[in-house]
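Protein sequence lines, in the order shown, are assigned to chains A and B. The opening residue of the first sequence carries number 56 in the working numbering; numbering runs sequentially from there. The opening residue of the second sequence carries number 3 in the working numbering; numbering runs sequentially from there.
In case anyone wonders, no lab produced these hints; they're calculated from the structure. Mixed in with the good hints, there may be bad ones.
[Claimed, not checked] To be clear about the criterion: a stretch of chain B counts as covered by chain A if any three or more of its residues have a C-beta under 8 Å from a C-beta of chain A, and this derived list gives those stretches:
| hint | region |
| --- | --- |
| 1 | 45 to 54 |
| 2 | 62 to 70 |
| 3 | 131 to 144 |
| 4 | 149 to 155 |
[To be verified] If you want the footprint, here are the derived chain A segments under chain B, 3+ residues with CB under 8 Å:
| hint | region |
| --- | --- |
| 5 | 97 to 104 |
| 6 | 116 to 128 |
[What the hints assert, rightly or not] Cβ-Cβ distance ranges computed for the label pairs, FRET-style:
| hint | chain 1 | residue 1 | chain 2 | residue 2 | range |
| --- | --- | --- | --- | --- | --- |
| 7 | A | P90 | B | E295 | 45 to 53 Å |
| 8 | B | S192 | A | E201 | 57 to 65 Å |
| 9 | B | S156 | A | A66 | 27 to 35 Å |
| 10 | B | D39 | A | M130 | 19 to 27 Å |
| 11 | B | G290 | A | R163 | 38 to 46 Å |
| 12 | A | R91 | B | L279 | 22 to 30 Å |
| 13 | B | E295 | A | F97 | 52 to 60 Å |
Glycine included, each C-beta is placed from N, C-alpha and C at the ideal position.
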Amino acid sequence: MSLWSKWRKRAPWILHYNAGSCNGCDIEILAALSPRYDLERFGVLNSGNPKQSDIFLVTGPVTYRSRERLIELYMQIPEPKVVVAVGACTATGGVFRGMYNVEDGIDRYIPVDVYVPGCAAGPQLIIDGVMEAVAIWEQKTQALEEPFRLFGGMGTIGEALSRRNTLEVKDEQNHREP
Amino acid sequence: MKKTVEIPLGSQHISLLEPIRFRFHCENEVIRDVDADVGFVHRGVEEACASRFEFKQVGYVVARVCGLCAITHSLGYTLAVEKLLHVETSMRIKYLRMLMVELDRIHSHMLCLAHTAENAGFEALFMQIMNERELVMDVQEALSGNRVQFDYISIGGVNRDLSAQAGALVLRNLSLLEPKIDELFERFTSNWSLSLKYRGIGALSLTQAYMYNTLGPLARAAGLETDVRLETNDFPYAQIGFEIITEQGGDIYARNLVRLREIKQSIKMVRHIIEGLPEGAIQEKTKGKPEGEAIVRIEAPRGELMYLVRGNKSSILERVRIKTPTFSGIPAMIEIFKGSNFADAPAILASFDPCMSCTAK
Chain A
56 MSLWSKWRKR APWILHYNAG SCNGCDIEIL AALSPRYDLE RFGVLNSGNP
106 KQSDIFLVTG PVTYRSRERL IELYMQIPEP KVVVAVGACT ATGGVFRGMY
156 NVEDGIDRYI PVDVYVPGCA AGPQLIIDGV MEAVAIWEQK TQALEEPFRL
206 FGGMGTIGEA LSRRNTLEVK DEQNHREP
Chain B
3 MKKTVEIPLG SQHISLLEPI RFRFHCENEV IRDVDADVGF VHRGVEEACA
53 SRFEFKQVGY VVARVCGLCA ITHSLGYTLA VEKLLHVETS MRIKYLRMLM
103 VELDRIHSHM LCLAHTAENA GFEALFMQIM NERELVMDVQ EALSGNRVQF
153 DYISIGGVNR DLSAQAGALV LRNLSLLEPK IDELFERFTS NWSLSLKYRG
203 IGALSLTQAY MYNTLGPLAR AAGLETDVRL ETNDFPYAQI GFEIITEQGG
253 DIYARNLVRL REIKQSIKMV RHIIEGLPEG AIQEKTKGKP EGEAIVRIEA
303 PRGELMYLVR GNKSSILERV RIKTPTFSGI PAMIEIFKGS NFADAPAILA
353 SFDPCMSCTA K
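Here chain A stands alone, though its shape is the one from the complex:
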């Protein structure tokens, strides 16, 4: 496992989903993948298949109809996974906040790890966001691969995976007496 994860961290594949955005952030993601900004030099590949992806790039405030797809796609990505919210409207709803068919940001439905600001978010910011996502993804991988005690220890997989608890859980496990 540890042998493979060494190479895996060099190839975070992304899944891109438009949950009701204006296209602005989507074309900036395409621009970030193109040769001028070249996100692909970090091993990032735009994959269309959630089951092969590691990083979930979401754009747009969630519309009423796209929320089911959003959760479905999120559930299909294998652990460990990282969610990057690209654009202002993904974080809060932005200019669309309060419109009747809009759910005001994706963190109402799925946990978000990195927020990328901007309307539309520039390619440089998107690259920064993805790189931060890779660091979080590595932490999550470590937390997932760390052995934990089934009986006695209360650390469950869910706790080990959540970003807030990652470091605390690790400390706890280090201090635990056998």
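Starting from the known structure of chain A, fit chain B onto it as the hints suggest.
Chain B alone, transformed into the frame defined by chain A:
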């Protein structure tokens, strides 16, 4: 027994920028029937424009209907409100607005060409076109301060003036871009493997184009002469050398050629705009509240964009209605899919340059 097999495409797919769902009813390789579902990105912009925002803010809200043609949306709305407020803009403002619209057209057409190439399987060509597109994006950033959502147009004028430096940058970048467009033109017309994916595929005849009320490059590729820049006189397009561009055939190849030739023409027009830019203020004084009803038509990169604005002397408008070009193109799109191979579907779809966030609003 049922002869056809149902194959879904979307709402999330690698070849799609935005959610749209198709259900292809295929008989072996051939598509027999299509159901399209375009409403995934409906946000309710029209309703919010008439209830939540003041009329001075709406110009920036409708820009968020679509990121690709943001400038045409805010321009369409602004023109309609200016008609209601009886504001006459100076020639310099008109020229600066035309400049941004034409730059937007160049980058939108290049994105469409790149996307069509990617969906037809030419990933290297996609990368090449996207790289060359950055020349235009740089110009837009220098002129308006943002790469995609410009927020350049305000009611009564524009928000930023064109400095001599920025003008020089525009001319320099466009002179770098022009030989690359020529090279692409050469490649699209004479490359054999590109012609396999583009020539004769997804063809729309002139009668069909007329019957299904297609607009923009789609109609012009089929030989239908329709261009709002020619039909309205809101902007002095004749002064800067605008001519209508049509092709014959209506297949993906013809659509690509129309887009390439329009890019070349937009480059020419931008040059004329910068050379002949009149002097004057960039902001006219406006006062009062909109009253009455105005309809404005603008040529967006994808075709005719129509705005209807109705006000009743209060700061919140009564109605804003947006009719977008892709909306009119959907019946023709469904007709073209019938009878073509399933393997060609992504390329045909990209060659339409569909904009779902425009359509669903």
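Going through the hints against the structure:
Against chain A, the region 45 to 54 of chain B contributes 6 residues with a C-beta closer than 8 Å to a partner C-beta. That satisfies the three-residue criterion, and the hint holds. Check on the region 62 to 70 of chain B: 7 of its residues sit with their Cβ under 8 Å from a Cβ of chain A, so the three-residue criterion for coverage holds. Check on the region 131 to 144 of chain B: 5 of its residues sit with their Cβ under 8 Å from a Cβ of chain A, so the three-residue criterion for coverage holds. With a cut-off of 8 Å between beta carbons, the region 149 to 155 of chain B has 3 residues touching chain A; three or more are needed, and the interface restraint holds.
Counting residues of the region 97 to 104 of chain A whose C-beta sits closer than 8 Å to any C-beta of chain B gives 4, which meets the bar of three, so the coverage hint holds. Judged by the Cβ-Cβ criterion of 8 Å, the region 116 to 128 of chain A is covered by chain B as claimed, because 7 of its residues qualify and three suffice. Evaluation of the 45 to 53 Å hint for A/P90 and B/E295 yields a pass: the beta carbon distance comes to about 48 Å. The hinted window of 57 to 65 Å between B/S192 and A/E201 holds, with their beta carbons roughly 59 Å apart.
Distance hint check: the CB atoms of B/S156 and A/A66 are about 46 Å apart, inconsistent with the given range 27 to 35 Å. Taken as a hint, the range 19 to 27 Å holds for the pair B/D39 and A/M130, whose Cβ atoms sit roughly 22 Å apart. Taking 38 to 46 Å as the suggested C-beta distance range, the pair B/G290 and A/R163 conforms, at roughly 41 Å. Judged by the Cβ atoms, the range 22 to 30 Å given for A/R91 and B/L279 holds: they are separated by roughly 29 Å.
Restraint check, B/E295 to A/F97: a C-beta distance of roughly 53 Å satisfies the suggested window 52 to 60 Å.
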